[in-house]
Every structure is written in C-alpha cells, then in structure tokens.
Amino acid sequence: MRILPFAISAILTGGLVFALNKQWGSIPPMGKFLSPQQGFWQNAEPANKSFDADLKFPDLKGKAEVYFDDRLVPHVFAEKDEDLYFIQGYLHAKFRLFQIDLQTKAAAGRASEIAGPKAINFDKEQRRLGMLFAAENAMKEIEKDEQSKSLFTAYTNGINAYIGSMKEADMPIEYKLLNLKPEKWSNLRTALLLKMMAKMLSSGTESDLAMTNAKAMFMPDELKNLYPQVPDSLVPIVPKGTAFVQPGIKPIPPASADSIYLSRKDIATAREIDKPDPGNGSNNWVVAGSKTQSGAPILCNDPHLELSLPSIWYEMQLVTPTSNVYGVSLPGSPFVIIGFNDSIAWGVTNSQRDVKDYYEIKFKDKSKKEYWFNGAWTNSTQRVEEIKVKGGKTVYDTVAYTVFGPVMYDENFQGAANEGKGRNLAVRWTAHDPSNEGMAVYHLNRAKNYDEYVNAIKDFTCPGQNFVFASKSGDIAIWQQGRFPARWDRQGLYIMPGEDSSYMWQGFIPQTENPHAKNPERGFLQSANQRPADSTYPYFIPGSYITARGITIENRLAAMSGITVNDMMALHGNYFNTLAEDARTVLLKYTKETELNVDEKKYLEVFRNWDLQASPDSKGQTVYSLWRFALEDTIWGDDFAGMPNKDDWPETQTLFEYMLRDSAMKFADDIRTPARETLYDMVTGAFKKAAGQLNAREKEGLEWYKFNQPGVYHIMDKSKKDLLPFARAGLHVGGWGDIVNAVKGSHGPSWRMIVQMSSPTEAYGVYPGGQSGNPGSRFYDNYLDQWVQGKYNKLWFMRDGDRTDKNVKWVMKFKGE
Amino acid sequence: MKFLTAIILTALLSFISGLFLPWWGIAIVALAIAAMIHQKPGKAFLAGFLGVFLLWAGLAWWIDMKNNSVLSHKVAALLPLGGNSFAIIAVTGFIGGLVGGLAALSGSFLRASKTN
Chain A
48 MRILPFAISA ILTGGLVFAL NKQWGSIPPM GKFLSPQQGF WQNAEPANKS FDADLKFPDL
108 KGKAEVYFDD RLVPHVFAEK DEDLYFIQGY LHAKFRLFQI DLQTKAAAGR ASEIAGPKAI
168 NFDKEQRRLG MLFAAENAMK EIEKDEQSKS LFTAYTNGIN AYIGSMKEAD MPIEYKLLNL
228 KPEKWSNLRT ALLLKMMAKM LSSGTESDLA MTNAKAMFMP DELKNLYPQV PDSLVPIVPK
288 GTAFVQPGIK PIPPASADSI YLSRKDIATA REIDKPDPGN GSNNWVVAGS KTQSGAPILC
348 NDPHLELSLP SIWYEMQLVT PTSNVYGVSL PGSPFVIIGF NDSIAWGVTN SQRDVKDYYE
408 IKFKDKSKKE YWFNGAWTNS TQRVEEIKVK GGKTVYDTVA YTVFGPVMYD ENFQGAANEG
468 KGRNLAVRWT AHDPSNEGMA VYHLNRAKNY DEYVNAIKDF TCPGQNFVFA SKSGDIAIWQ
528 QGRFPARWDR QGLYIMPGED SSYMWQGFIP QTENPHAKNP ERGFLQSANQ RPADSTYPYF
588 IPGSYITARG ITIENRLAAM SGITVNDMMA LHGNYFNTLA EDARTVLLKY TKETELNVDE
648 KKYLEVFRNW DLQASPDSKG QTVYSLWRFA LEDTIWGDDF AGMPNKDDWP ETQTLFEYML
708 RDSAMKFADD IRTPARETLY DMVTGAFKKA AGQLNAREKE GLEWYKFNQP GVYHIMDKSK
768 KDLLPFARAG LHVGGWGDIV NAVKGSHGPS WRMIVQMSSP TEAYGVYPGG QSGNPGSRFY
828 DNYLDQWVQG KYNKLWFMRD GDRTDKNVKW VMKFKGE
Chain B
764 MKFLTAIILT ALLSFISGLF LPWWGIAIVA LAIAAMIHQK PGKAFLAGFL GVFLLWAGLA
824 WWIDMKNNSV LSHKVAALLP LGGNSFAIIA VTGFIGGLVG GLAALSGSFL RASKTN
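Here the protein sequences come in this chain order: A and B. Take our numbering: the last position of the first sequence gets the number 864, and nothing is skipped along the way. Take our numbering: the last position of the second sequence gets the number 879, and nothing is skipped along the way.
It is worth saying that the hints were derived from the structure and are not from the lab. Incorrect hints may have been included.
As the list claims (entries may be wrong) - When the alpha-carbon atoms are kept at most 27 Å apart in a straight line, the in silico DSS-like pairs for lysine-lysine are as follows: (1) B:K829 - A:K853; (2) B:K803 - A:K856; (3) A:K322 - A:K338; (4) A:K191 - A:K214; (5) A:K746 - A:K228; (6) B:K829 - A:K214; (7) A:K287 - A:K565; (8) A:K79 - B:K829; (9) A:K96 - B:K829; (10) A:K860 - B:K829; (11) A:K79 - A:K768; (12) A:K214 - A:K736.
As the list claims (entries may be wrong) - Covered by chain A, according to a simulated footprint, are these stretches of chain B (three or more residues, beta-carbon under 8 Å): (13) 782-796; (14) 816-824; (15) 831-845; (16) 856-869.
Computed from a predicted structure; not experimentally measured. Glycine residues also receive a C-beta, built at the ideal position from the N, C-alpha and C atoms.
Excised from the complex, chain A in its bound form (with noise of 0.2 Å):
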C-alpha cells in the first residue's frame, strides 16, 4: 500500500515546486530565483570574468571590432554608420537592459505593468500629457528621411539581437526580482526615450498652473515683486552689451487679454502628478586659447540630473572610417550625447525655458467630442488610452485631443487634486511638434567647426538646449538653441482662453535669433541654467531660470587667467556659496541679538564666522540652510496658504533681492496675526525656529552632509528605501541645487567632463556609477567614490593604430556572415 505515501509526498513536492515558482506579493518564486544556475546567481559576475566575444549577427553589414578598456568604456570600431549604430544597441542592451526597458515603460506611461495600481494616475498623466502621442510624432519624423530611418533601425536591431541572443539565465536581476521578461525594441521606445528627456527638461520649466491660483491671490504689482522675470543680480549667457537684432516677429495682445485673462481670478483646479525635480538643471562652460596655460581653449560640462544606479549615462566612443566621436550616451537612443571629437568638443546645460502652455476647453458635453472654437462647435479626436495593470484589471481613459493638443485635465482627471469639478485643460507643448532632435545630435558628432556645429544643433527644437562649444582652431561659442514661441507680454504665464485663437501662439523666434555668442573679448562662455539675455533681448521670454551657479562660475572665470586642466576640476567642485554671501548681510541685519540666548547666540558665530563653503563638513552652511528653510516657511506660508506646495512658492533669490530692496517688506507681516510683524520679527523668530532644529541634531553632529544627505539609488527605487542594498547613501558630499558643486540629495552632476582642445586631444570625465547596470557586476559603481572625491578618469581618445594597444582588456568581434 505505498501508493498513498507517494500520492501525499508527491502532492507534497509539487505543492512546494509550485510554491516556490509563483510570486507571493512582492517575493519572487524563491526556487527560480535561488537557483544557482538559473536564478541571482547567475547574475554575480566573476571578478575575472572576460567580455571577449565573436559573434554574427545577420544585421551587420561588415566587420567591426569593440575594444573595452579597464573601465569596461567600449570603444567600437565599425566600417559603416549601420553597424556602429547596430552595435551602440547592442551594448546598451548587453549592460543597461532593464535600464531601457523600464524608463521607457515609465515614458510611456506603462508604470503600471511593473508597479501596479498604484501607478494608474501617474500612467494617466503621462498619456494625457501626450508622451506617447508625442513619441509616435517623433517616430514619423524619424522614419520620413532613409538615413534617419536607417541608422535607428539599425540601432533597434542591435538592442533586439541582443534580447534575442540572451538565456533567462543571463537575465538582468531586475527582471529576476519582478518575475518579468524584458520587451522587445522598436524605434517608437527610442523616441519614447528622446520625449523622457523632454519632459525632464521642458515640461516643469513651466509653472502655469501655480502662477494662475497666484494670479488669483495677489495683485499685478505684488506678482511681479513675488515672481521678477529678471532678478536684480543676473548675469546672463550671452554677455550683457551684446546687441540684439530687431525682433523678426512681434506678436500682438488679444484685446481682451486685461479683463479675461490677466485679470481672471480662477483658480487652477489641476495639480500635476508628477513634476520634473526643478533642480534639474547642469553648468557647462569654455575658456578660450588666450585664457588657458596650453593656448588651447578649454571646455567643461556637468548636467545634473536625478543620480542613480545604473547611471542615466553610459560612456562610449564610436568610430568608423570618417567619423570619431567620444564622450557619454544615453541608453534607449543612439549617437553620443555629450563629448568630443577630432576637432571640436560641446556641452549642454538646460535652457529652462518655458515651452508648455495650458488652454481651458468648453465642451459641449460628457462625450467630449465637442468643444467651443473660433464660433462654433468643433470635433475633437478621441484617443482611448489602455493601460494595463499588474495584478489588476486594464483601465480605460479616453483623451480628447484638440487643435492646441491634448485635453490633460478635464472633469474625469485633475491630476493629484481631487476637487470636485474641474476646468478642462487642454496642453500647448512644443514636444508634441514633430522633429528629430536625434539627427540633429548625429550631426554635431561629426561638426569640425564652428559653422557645422550651427549647422547640425539648428534642427534641435525640443528640448531647448545651452549647447557650450571648442574648437581645436581655436573657437569658443556658445547657442540657446530650441524652438520658442514668441510671445507677447506674460503670455503663456497663466491659463490661456481656449474658446479661439486669439491667445494661441502667433510663431515661434526666428532660429537665427535665439540667443548666442561667439569668441568674445573676455575669452570665456558659460552657462548655468540661467536667463539667458537681460531685458534688452526683445522677446518675453519665460523660464524656471536658476541664477547663483552663473554668478560664481562667471566671477571665477573672469578672476582666473593661465587656467589649467585642474583649475577646472576645482571648479567642478566649488562649493562656494554666491547667494548665502548677500543673504548673509542682511539675515544678520535683521536679526535682534538681544533677544537671543545663549544656544541661539552660539550658533549665530557659527553663521556670522563661516568661511560661506557649502563643504560637507560644513556647518555654517547647515545653520544658513535651516534658517532660511524657517524663514520662507514663516514669510510666505500665510500669504501662500492656498497654495501648499513650497516649490511654487519664489525664489529664495527673489526673496534675499527683495529683503535687500525694501526693508519694509509687506509679506513680512503674518497676516493671520492681528500684530503687523516686521522683517526684525520674521527673521529673529525663524533664526529662533532653526536653532531649536540644530539643538535637536547636536549630537549627531551638524555637519552639512548629514542634513543635505547625498546618495545614489537604483532607478527602480523611487521611495529610496526599497533598495537599499542596490544603493550608495550617505555619501560625505556637500553642495546645494545654487552652488556649482551641485549636489542635492539624489540630484546633481550626473557627469563631469572636462575637454582640453589640445593637439591630442586631454580630456578627463567621471560619473557616479559604473558601466554595468548589473548590481552583481565590479563596475555596477566603480567610479562613484572618484566623483565623491572629485576625481575623473582620463578619457582614451583611442585612434586605429591603438587597436593593439596594451589598455585593451577585452575585444568583441562582430560581423554579418
């Protein structure tokens, strides 16, 4: 009778096999994922382990060779732009694969198939802000020209080779953790990736719907002392002097734009879900031959970005036969980014402009297949977005799109608010226009001059771009370029009327008349995501501009002469704190020292002594940080009570320029208390409010650090405590979103390149990650502790006859047949 023993032993096993091959909740199947030969395991890379490689693809069109060096940087050597392009994909997906895959799952507004229901409204508003409709925009430009078609194709099948050649066991441990299989590639995601870059650099430089809720608490005049389109200390891009041409397009007020729309005092019902972190931001500059030690200009760049792990970045050099082109790329698009070639080296900090304008729609009805324009009743395309759901059911959202574009908010989703009714909001966003910012970029890999670079960055529209650039003849320039809409006076600034088009967008800035400079007198450019021109430039021309950075880049440039590779990596990591230094005077100003104790008075030393260095042992920096935290909250929070979210709240440059003009500051008073408070009150009492605070962390020690926190998390964890064993926190790095070393939590320098126009060519990088997104792998986060230290690599520039050279590591032969 051994059949029931084996009946339950066997009913046993397979309950455990079954058991331990599903996902439980948020645990992976335990017996898939300990296996050593199927499961993580498989994703701890031996510390020796060799990337040789030959293999054939049908694809590939000739022979090319990757050369990695010991930093795991690919250097490939192909003989067509095909298989350059085809390999790029190839290696993207080889180290980042799980990287692509999810950010353009995001992009798409497909968060919800990996994270769950929870993810639904954050889907919702990136469909209805068009990423996808502006994805399939890009994609139809893309595949119009044979070249541009080729080349991303080429790109996609590279990506798509390797999935196809990959063994589940080779799966990256993401996929292994989520118990998901990675997507095929098309072109449609590598423009879903181009459209996640616009959005994070164009879709929060706008603050309409925040500016309409304060147009309707203040007065015209209070708003512009609250939100000045040119702070009183600014020092612009284009050096201020410079002439500017005659505006090429004027465009002219509606007549009722006083009473319907600068004087209307409705509210924005809407919140965005999810904005682009306003840090977001970079400084790029060049110095000229006259200027440097060797003679030969120098150019630097450091795009600040959200830090994680893998890096938003991947380093690579490409080249064939006539082109050689080095610096970083990122993963989901082909060509290289930022970076340098034979002849000439660039750069991009964001232009912060505003390029995203919100329209009110009456529709007819529920439907939405109506709505009231230029005199009649209009019909709108309807999109119905599907967004599926893991573990959930798939949810329907219908989109209507307009001739402005698409309806974002309307009564069935008003964003992260959940008022009631709300006002229909159609989105105007130059995103949505089709362009190929990728053969654009194709392009300025190429440029060996001046003229080709304008040539090449001109058909960049979206998003707009501080694109620095060196030549090795010795040029230094420097171009906003984007497409911008010319507006008239505070258009765009507010909710618009969207009933005609009378308030629509009469044109866009003439290209040629974007704001630029070539070689000027003083040798040097640089940006910092500043304005980019004084008032003098004649367009209006709103923007989420930062102004510190370029102040203290600009005084250190002007200061310096016979600079030096290491002068720039200096000022990389500068930490010096422009805007504390004129808050300082007049933080002490207002303060009553009588009225302090002994505690108090002590750390007001510490403030009054500090060497204004925002280093990350730095404790002054620590008490000026706390204190004017203390002081916005207690200025602005009562004037400001109907509008909670502090981002949207001025400048604290806008505030300490105020504070230094007009001692008699209105907002000073509370106007919740019945005594008429004084900037003596608000600054005594928040200094009061911040010693309390620093009292309470004594002991941990006061070091800066500790309180701004740095780290790097993997891209998977938003939270940043889910995977903490996939990150590197508490990293000893000082800084702040207005210092040059900007370093702000999980945001800043994303990559730091410094490029000599020397004959060769010196240049220097690093970025906090490693090339390998595998957290089993040696170079997961290899460079991060030199970018900690502020240390680079030298880049290898590496030329034909190098191939044999012993810095090659490791050598993957590709060919077709």
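Add chain B to chain A, keeping to what the hints say.
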C-alpha cells in the same frame, strides 16, 4: 554505498538537468534517482536532500567566491538575512535540498509501490 551513490548521482544529474531544464528539473532527477536506487524512505529523503543541497550550496559558494561576495551580500540584505553571504548560500542549499528531498521521498515510495 547506495546512499553515497544516490547523493552523487542526484547532484550530478541535477546539474546536467539545470543546463536544459528550468530549476525544478532537480525534482524530476531526485525522484528518478530514488525510484532507481532503492532505499528506505528516510534515507531516500536524506540522499535527495543532500544531493541537491551540496550541488546548490556548492555552486553558490563557488560563484560567490569568484564574485568576491558582491551580490550575495546585497541580496542577503534585501531578504531578511542581515546581509550575510553565508546565510544566503545556506538558504539556497536548503531550499534546493528540500525540493530534492521531498521528490526523492516520493520516488522511494514509487519504487516500493512497484514491487508490491
């Protein structure tokens, strides 16, 4: 002798199955070995358990050593194992072993019920 043979064969064939089959191939192997090498159920279970335990823990340990414990340390921190590499190797062996043991147990009854 049978005991030792069962352990070694279970380990070896499980390894080979891992080259072609998903992870649960170890169950098929352990069951088959126990059906062919007749032992008392308790011993069969132990042989199946040890065979897969030694294979899985052994492979994991070997991989871990070449990897300098970089990943095991992280995964052991993700799971409630306090970041202990040794613990995750042990758990790996244990889970595999449990499956192998139960499958072998079943196999031993199969053999017995055949002769009945």
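We went through each hint and held it up to the structure:
1. B:K829 - A:K853: Roughly 25 Å separates the two Cα atoms, so the pair holds.
2. B:K803 - A:K856: 55 Å, violated
3. A:K322 - A:K338: Violated, at roughly 40 Å.
4. A:K191 - A:K214: 35 Å, violated
5. A:K746 - A:K228: It is violated: about 48 Å lies between the C-alpha atoms, which goes past 27 Å.
6. B:K829 - A:K214: 21 Å, holds
7. A:K287 - A:K565: With Cα atoms ~14 Å apart, A:K287 and A:K565 stay inside 27 Å; holds.
8. A:K79 - B:K829: 21 Å, holds
9. A:K96 - B:K829: 9 Å, holds
10. A:K860 - B:K829: 26 Å, holds
11. A:K79 - A:K768: Cα-Cα ~25 Å, so holds.
12. A:K214 - A:K736: It is violated: about 59 Å lies between the C-alpha atoms, which goes past 27 Å.
13. 782-796: Result for this restraint: holds, n = 6.
14. 816-824: As far as the stretch 816-824 of chain B goes, the hint holds, because 4 residues have Cβ atoms under 8 Å from chain A.
15. 831-845: holds (count 9)
16. 856-869: holds (count 8)
Checked against the numbered hints above, the structure violates hints 2, 3, 4, 5 and 12; every other hint is satisfied.
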